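Protein chains in written order, with our numbering: chain A, 1 to 497; chain B, 1001 to 1296.
Possibly wrong hints are sitting among the right ones.
Claimed, not checked - Below, in silico cross-link-like pairs of lysine to aspartate or glutamate (EDC-like), each with a Cα-Cα straight-line distance of 20 Å or less:
1) A:K251 / A:D224
2) A:K156 / A:D108
3) B:K1090 / B:D1241
4) B:K1242 / B:D1182
5) B:K1010 / A:D294
6) A:K494 / B:D1182
7) B:K1010 / A:D133
8) A:K156 / A:D133
9) A:K7 / A:E30
Derived from the structure by calculation, the hints contain no laboratory data.
Just so it is clear, the structure is predicted and the values come from calculations on it, not from any experiment.
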Amino acid sequence: MTRKILKWGALAALVGMALYLILALYAQQEFVFAMLFLVLTASAVFVFVNKKLYAHRYIFPAVAGMGLFVIFPLMYTVGIGFTNYSASNLLSFERVQENLLDRTYQSDSVRYSYELYETGAGYVLYLEGDHQDLVSAPLVLDGADSSAPVLPASEKPAGEPLAIRDIIQLRSELSQLELLTEDGRELSMASLRAFAAIRDQFMLHDNGSITDNQTDTTYFPDHDTGFYRSADGQTLSPGWTVNIGWDNYLKVVSDPSIRGPFFEIFVWTLSFAVATVVFTLALGLLLANLLQWDQIRGKGFYRTMLILPYAVPAFISILVFKGLFNQNFGEINLVLEGLFGMRPDWFSDPALARTMILIVNTWLGYPYMMLLTMGLLQAIPRDLYEASAMDGAGPVNNLFNVTLPLIIKPLMPLLIASFAFNFNNFVLIALLTGGAPDIIGASTPAGTTDLLVSYTYRIAFQDSGQNFGLAAAIATAIFLVVGALSLINLKLSKVKV
Amino acid sequence: MAMVQPRSTKYRVLASHLGMLGFIVIILFPLLMVISISFRSGNFASGSLLPENPSLEHWYLALGIPYTGEDGTVTQPPFPVLLWLWNSIKIAVVSAVLILALSTTSAYAFARMRFAGKGFVLKSMLIFQMFPPVLSLVALYALFDKIGNHVSWLGLNTHGAVIVASLGGMALHIWTIKGYFDSIDRSLEEAAIVDGATTWQAFRYILLPLSVPILVVVFILAFIMTIMEYPMASVLLVDTDKLTLAVGAQQYLYEQNYLWGDFAAAAVLSGLPITLIFLYCQKWIVGGLTAGGVKG
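Chain A extracted, bound-state conformation:
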């Protein structure tokens, strides 16, 4: 009985928390996220209350985790790809309008010069205007945001006003001050010597347009580009996020300053992934073959030494290589200079940078291939090699006519997985070169060693424009590639469920 109460209590508490979150998100007009958590909570309650779905209770947390952190972000990213979501168009239309209508400016027409008097009870402000003078009650200037009423006055307070250097010292406190006149106007500090009236910068009309009170320009909301736009084409910042259809994709194809770098990076990504798989497989297979050979002693030692690069955390070994390849202080260039008298510029020459990346990635990746192929080689019956030796075959013949044909089938899915992993090998690029050297003439940050993933990352997070929309469009293209690869893989590996 108590167990039951506990169970229902826990469920109720969780649902309560979830509902709070959903309502809060809904109130902030985050409809997508409110919907996400609503679906999540509803399915959780459904699964845990329904007796028939007992088995689903076991898998629910894992499936929900994948849904929340893999599938939802994936779909959300695809969605962003069709919008102009970026640093300049970050907010929703309602928030942009709110933001603009909150803006104020200081009027030039209503200005008061002022004097500040120090009295026993605090500071007294005396404002001299064109039509009337105003005076405040004694104020405590402690820097907190405060507003104080000012009343019409006819004569200045007694005593000497503070000198300008004392006012400079009190400047930050004075600038926090808001003065309210009897007729409801607000005044704030405009300069060291003057206070001026604060006015709303924009006025909203019924048809949705807004007028700038300062310049008297009217701006109309343009829901195609996500900006308020005036008749002569001026736009107001910030803009809001709107759906722009296939524009991001068209930009990749048509804008030469994006198309050029994109295709260069695409070709490099493909060649990098293929080359990595080929190099690591060749090296791994060779070493695995040597380690399988009965004549070799000390296999345990060799094995441990050879998988060391795999055992060291990648983020450390990549940074180690970054230091070793450094042009001026790097140990690799010291060795090369000693032997051949040259100091290659590994990080600023595109071809050398790409060579370096392939060297490092082969170093990182061959132990994995070695371990994989060692397992597969063990499954090959020994008599096949006996037979080929009788026929006078050498090691090369053995490799191409016996070993490879036998292991290629089980190896294929693993090679495709390795290809997909390296196609998206973000950590290597981010830590080793960061994409450098840059491609000249690109309008978004793009480097000659960037892979598509690091390219999208840089567009989204390192560029000042933070063009999330464009980054998401390119990410969607990569999703398609990865999705196709993993479907092929599923077919090839004949997964049994």
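With chain A held as given, fit chain B onto it using these hints.
Relative to the frame of chain A, chain B by itself:
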């Protein structure tokens, strides 16, 4: 033992040994170099593999102890390496525990129960596993930004966010554990259920104790993978004090502030334990990786 041996075998064995030893020397060069550099004085010193004037200054700094040079100048540790290591371990342990608990229960259902959509869910898990989280970082960032407005310990710049985000990578572990469960005879559990045990009891008291080895492997795998996770942590964490090792370590090698020697000591200090754990567990880990094709 092969019966037919060509005459040249002896030379080929010798050549293989020499070839492999030479290869190992090249492969280990970077690792040995880093150890050597961590004992050199100064951040720009060059020299042979065995440092002529070994100095412990980088090690002091890596351990967070200010170092007093021979001329009396005091160098403060540039970065809180031990704190980063602690952050990494904390995040990795918590998320490995969560991943283990959740993926074990799901794997149990997938291995032992029949229910609607089982094959579909299992296959889609395998497919979605291949999508790198780097690509949906914008969405993940937005997600945690929005959650963080209401649940502060899950927002941006919290370890909670990194831990929770790591739960997205459970599919691989579910497959690994399910494969192991499949290899265990189910008659014991069936007997227990006939005797009146509930499904949960059969799982908890019969299957789980039999599966301790694979649970240890999955725990270590999840632990290592979270420690090495870079892209999500690099976007979600901001403050220097909150960074994980994988994100923080690169700060040593900025162009403007190149601390090669300090990096070397920090790298050896933090990399060594992880390397040793990996080497110790490699036999089991390799089996798990072959199933999913992760790293490399």
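These are the hints, each one checked on the structure:
1. Between the alpha carbons of K251 (chain A) and D224 (chain A) the distance comes to roughly 16 Å, so the proposed pair stays at or under 20 Å and holds.
2. Between K156 (chain A) and D108 (chain A), the direct Cα distance comes to roughly 24 Å. Violation of the 20 Å bound is thereby established for this hinted pair.
3. With a C-alpha separation of about 13 Å, the suggested pairing of K1090 (chain B) with D1241 (chain B) holds against the 20 Å cut-off.
4. Between K1242 (chain B) and D1182 (chain B) the alpha-carbon distance is near 41 Å, which puts this suggested pair outside the 20 Å criterion.
5. For a cut-off of 20 Å, the pair hint linking K1010 (chain B) to D294 (chain A) stands: about 12 Å separates their Cα positions.
6. Distance check on the hinted pair: K494 (chain A) and D1182 (chain B) sit about 17 Å apart at the alpha-carbon level, within 20 Å; holds.
7. A threshold of 20 Å between alpha carbons decides the hint, and for K1010 (chain B) with D133 (chain A) the separation of about 110 Å lies outside it, so the pair is violated.
8. The hinted pair formed by K156 (chain A) and D133 (chain A) meets the criterion: a straight-line CA distance of about 9 Å does not exceed 20 Å.
9. Taking the CA atoms of K7 (chain A) and E30 (chain A), the gap is about 31 Å. The hint is violated against a cut of 20 Å.
When the structure is compared with the earlier hints, violations turn up for hints 2, 4, 7, 9 and for no others.
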